[in-house]
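Trainee: The listed protein sequences correspond, in order, to chains A and B. Counting along the first sequence from 1, when you hit position 212 you're at 193 in the numbering used here, and nothing is skipped either side. Counting along the second sequence from 1, when you hit position 27 you're at 163 in the numbering used here, and nothing is skipped either side.
For the record, the hints were derived by calculation from the structure and aren't laboratory data. Given the structure is predicted, the values throughout are model-derived calculations rather than measurements. Just so it is clear, CB atoms sit at the ideal spot from N, CA and C, and this is done for glycine as well.
Straight-line alpha carbon distances no greater than 25 Å define the calculated DMTMM-like cross-link-like pairs of lysine to aspartate or glutamate that follow:
1) 154/B / 157/A
2) 154/B / 188/A
3) 200/B / 237/A
4) 154/B / 207/A
5) 200/B / 196/A
6) 155/B / 188/A
7) 185/B / 199/B
8) 154/B / 150/A
9) 217/A / 105/A
10) 95/A / 105/A
11) 213/B / 233/A
12) 222/B / 150/A
13) 154/B / 125/A
Sample of chain A residues facing chain B (criterion: CB under 7 Å; computed from the structure):
14) 146
15) 147
16) 193
17) 233
18) 234
19) 235
To list a few chain A residues with every Cβ distance to chain B over 10 Å, as calculated:
20) 52
21) 80
22) 165
23) 209
24) 281
25) 284
Listed below, chain by chain, are the residues.
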Amino acid sequence: MISKFLSRSSLRTSVFNSSRLQNVTRPFFLNRCSSRFLSTQPPKADGDKEAEPSTGTHGYDSTKPRKPLSRITIGKVSPGEMKRRQVTGFINWKAGIIFVLTGGGLWWFFTSEKGRLARESEAEANRGYGKPLIGGSFNLIDQDGKSFTDKDLLGKFSLVYFGFSLCPDICPDELEKMAVFIDDVNKDGEVMKPVFITCDPARDSPEVLKEYLSEFHPDIVGLTGEYDEIKNVCKKYRVYFSTPPNMKPGQDYLVDHSIFFYLMDPEGKFLDVLGRQYDNVTGPPRIKQMMSEWKPQAVRDAEEASKKKGFFSFLTKN
Amino acid sequence: MGLFSSSSTSSETPDLTKKSTRALCWEARDSFFACLDKNNIIDAIENSKEATAQCGSQEKDFEKDCVGSWVEYFKQKRTMEYNKAKMMESLAAQNAIKLEERIKFQEAPPAKK
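Chain A with its partners taken away, still in its complex shape (with noise of 0.2 Å):
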């Protein structure tokens, strides 16, 4: 075997051999090569070795007797792992585990990571940079007849909704729903104020809405005030509403108004809209996730001013 591997290779090296002898430099990698192989036959003594110091033996003596190749095994491994490991390579159901849980452990963290920036950073937007977009002072009364202004919105966070008594349709059901919301989000403790502010205060006085909002949710504060109250507070809000002109007293008619629920936080300023889309059950968790993740405006502030935007706030450079 050994003998067939060295003709084959003094075969090759009688090429070199030739080329040497007709003094012709070649290739540094044939100069590697030649050497190896030419190992294998005495190094000829003659002015050639001179003429090309750089192919050396690398201190190989031919007088010396050689070493055989060493057979001792490195690591030692039994013959039906070894067949294992060239079929299967390093992966083994150990290897596997690791690789789903680091792998499942870096994407729940990143998706986790990713949806609580861009839920924060929507937060931040919809605070205008602390400019009241929504909300703002307002002096009304409850459905006790007593005054109501928006400090009394303060401490808690508010669920603001626009309505009239006399509403068709969409009212009642938007009503049945807050009461959905109050009913889960204030599950343990009053965390949540819920509001009804009519848009038709000609007709709502505070009696009427006692009357009718009892019917809905006992939670739910009722305001109605002066037409012009009225108005500045829904201009405050964003809330547009339309009273038909020349109404005669007594007569029938519909308000037209916008149909949103706002969500105002402790210190009065806008956290959130929830639109029609919003039901029984996608409301709810809604309201809790905007609430657990709102911060102080103190706390804002004091993260605004160190800068710290966290470590991974490039997920949602926009």
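Put chain B on the given structure of chain A with help from the hints.
Mentor: Structure of chain B alone, referenced to chain A:
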């Protein structure tokens, strides 16, 4: 506030701020509309003569249990919803892609339909 107080409203006008009264009104509305459906009348304002001729008794109940503004509103809404459904149908026939209603560009839950 006293400007519109109820002295001028007749005792026959139902108080629609109450849940039970609203339910009666909606019931009367539904039976009137069911009758319209049966007679293939969509717009009860435009085809009011036909509607009264075919569903006179239901219409009378509807007007008794609801107030005038609601009657008009529900009739308009019926026409509007019919037109909307028809338009959606024609759009679907043209392979239009339906976009979910949303207010902001964010994950919106599937719209309740």
